[in-house]
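Participant: Sequence:
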Amino acid sequence: MVSDDRATTYRADALSRFIGSERPDSEELGLCVHCGFCLNACPTYLDLGIEGDSPRGRLYLMRALDEGRVDWTPRVQEHFDQCLQCRACETACPSGVPYGRLMEATRAEMHQQRRRSRRYRLIWYLVMRGIFPRPRRLRAAFYGLQLYQRSGLQSLLRRSHLLDRLAPSLARIEALSPQLDAAFFRTSDVQRYHPRDPQRGRVAMLTGCIMPLSFPRTHHATARVLSRNGVEVTAPAAQVCCGALHAHGGDVEASRDLARKNIDAFLAPDPDGATPDAIVVNSAGCGSHMKEYAHLLRDDPNYAAKAERFQDLVRDVHEYLVDIGFDAPQGKLDRSV
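Numbering (our numbering), first residue to last: 14 to 350.
By construction, these hints were calculated from the structure, which means they are not laboratory data.
Even for Gly, the Cβ is constructed at its ideal location relative to N, Cα and C.
Hints may be right or wrong, so weigh each one.
What the hints assert, rightly or not - Pairs of lysine-lysine, DSS-like flavour, derived with a Cα cap of 30 Å:
1) Lys319 - Lys304
2) Lys274 - Lys319
3) Lys274 - Lys304
To be verified - Derived CB-CB ranges, DEER-like:
4) Arg241 - Ser130: 49 to 55 Å
5) Asp283 - Glu332: 22 to 28 Å
6) Arg134 - Arg213: 47 to 53 Å
7) Lys274 - Ala188: 20 to 26 Å
Using the sequences and the accompanying hints, generate a full structural model.
Facilitator: The structure is reproduced here in structure tokens:
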């Protein structure tokens, strides 16, 4: 239950452990009524069974930090770090708590206050700022992973379990690496697909950072299905990573920089002066983040209005196809899913 005094004052700023510009909104924090509907939707709570690793528990910790009742101890930070940011809890919440936005703001505070170790911050800047926002560098890194897999070194290390013994943490990361058995997708690849007559629309497709390298077939399938349904597909060459990973990790400024670049790339008219009917996305995490660019850039006088326009154009590819109507597939798949 929400206490009566919350109606007059919620945050004691002198005591609050949120001191940065990205602090969670106190009114949004107060929306949680502790009903517990989120618990069965949360993968970390279902796995660990710890209240602090549930959305309700994390929201309670945010409020406790905001009111100065707890401090940024390693254990408190661990509860926030273990959140997957999947936002499954939001669909279960009857009070409409914007949990994802509050978690991003909390992690932004951790980032601004340098609550991470020096080693963590160094790795973050090298990888998340030095590689992910730069498509050529990221592609070069994936060429290295591709060579590692095709040379037989990966098979040798996995059979020998050498990496498990020498660097267990690295071995766990290596086990999650995608199998790169197809040519990487390039923005120019969409030119292979010509819309069926009559043409019914024109869209710009986000290729993103990881998708064209790890899942190029998904991009080809997306462009193929859209063109079959009479939709012309373009992919701006100047687009970059959507910035979702940066926002989830608390590096909000890096996420804003990427958002601005994407807005410029996608809203720029082509040589014929045409603009897309929609910006389609086939990666749920990217689409979810891009639909919140307006909130991300709400205080930017040069981009706030553009972000609203951009956000209104973003559609998941399935969402877009349902909106325009599509030809149902005629083939048969004998699979259980």
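Participant: Does each hint fit the structure? Answer for all of them.
Facilitator: The hints, checked one at a time:
For the given pair, Lys319 sits about 13 Å from Lys304 by alpha-carbon distance, which is consistent with the 30 Å threshold. For the proposed pair Lys274 and Lys319, the alpha carbon gap of about 12 Å is at most 30 Å, so the pair holds. Distance hint between Lys274 and Lys304 is fulfilled; the C-alpha atoms sit about 15 Å from each other, no more than 30 Å. About 50 Å separates the C-beta atoms of Arg241 and Ser130, a value consistent with the hinted range of 49 to 55 Å.
Between Asp283 and Glu332, the C-beta spacing of about 23 Å keeps the proposed range 22 to 28 Å intact. At about 49 Å, the CB distance of Arg134 to Arg213 agrees with the hint of 47 to 53 Å. Taking the beta carbon of each, Lys274 and Ala188 are about 33 Å apart, not inside 20 to 26 Å as hinted.
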